[in-house]
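Modelling step: build the complete structure from the supplied sequences, incorporating the hints.
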Amino acid sequence: MDNLIKNWQKRNISGLFVKSKDQAVKKILEIIPSSASVGISGSVTLDQLGIVKLLESRGNKVFNQYKSGISREESLKLRKQGAQADYYLTSANALSREGELVFFSGYGHRIAGIANAGKVIVVCGINKITPNIEEALKRSREYATPLNCKRLDWVTPCFKDGICRKDVCLFPEYKRMCCQILTIEAEVAPDRLKVIMIDEKLGF
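Using our numbering, the first residue of the sequence shown is number 8, and each one after it goes up by one.
Zero decoy hints are in this set.
SDA-like, lysine to any residue: derived pairs with alpha carbons at most 20 Å apart:
id, residue 1, residue 2
1, Lys33, Ser44
2, Lys208, Met8
3, Lys13, Pro197
4, Lys34, Met8
5, Lys145, Gly169
6, Lys26, Glu207
7, Lys201, Ile140
8, Lys26, Lys201
9, Lys126, Ser41
10, Lys126, Arg199
11, Lys126, Leu61
12, Lys60, Gly76
13, Lys87, Gly113
14, Lys201, Ile118
15, Lys28, Ile39
16, Lys208, Arg158
Derived DEER-like restraints, expressed as beta-carbon distance ranges:
id, residue 1, residue 2, range
17, Gln187, Leu154, 15 to 21 Å
18, Lys60, Pro197, 28 to 34 Å
19, Val162, Asp9, 39 to 45 Å
20, Ile188, Lys13, 23 to 29 Å
Please keep in mind that the hints were generated in silico from the structure rather than gathered at the bench.
Note that CB positions come from ideal geometry on N, CA and C, so glycine has one too.
Put into structure tokens, the structure is as follows:
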């Protein structure tokens with residue numbers, strides 16, 4: 008883990024390693040001021056941390072597109088606002104031991120948040136570490152995406168059997184989830200991008 012954090016330092020990315028979900032939550036609450044606005048992406052890892060409710064309960068303005076009872080239009084508005092928030096919370100689909108981070112997206116809101124928000128915090132379990140960028144892309148496409156398709160009930164070839172068929176996963180027959188791919192190799196702005204690695208298996 009020390010080598011991974013050193014590799015992030017070379018890429019101008021701050022890396023932190025914590026032992027548990029509780030420690031990760033504590034660290035996030037320390038990093039994000041209570042006065043800051045926060046955007047979020049859809050993430051099983053963030054759900055497992057319960058961090059969104061904690062931020063809302065202490066007074067942060069959270070652009071939560073998953074609030075119950077809101078319309079599709081309001082959800083889309085919140086996604087766009089969240090992409091320009093003071094902080095953006097997300098998780099990667101995979102990361103390499105060399106320090107690259109991989110994000111797959113259907114609509115692109117998560118990618119917009121990572122690119123546009125003031126600061127970004129990426130939270131990941133150790134299960135998302137792969138040997139290299141090629142394996143990180145493979146994990147994202149062939150493991151994480153089929154599970155997310157099942158979770159969100161997206162009609163794709165991999166929804167049926169977990170096998171990626173990107174050559175036929177096209178519109179209008181299928182609702183493709185792997186539409187946009189972001190690979191972060193480095194960050195220009197100092198202290199803008201932080202990764203919190205948790206010594207637990209979390210998310211997909």
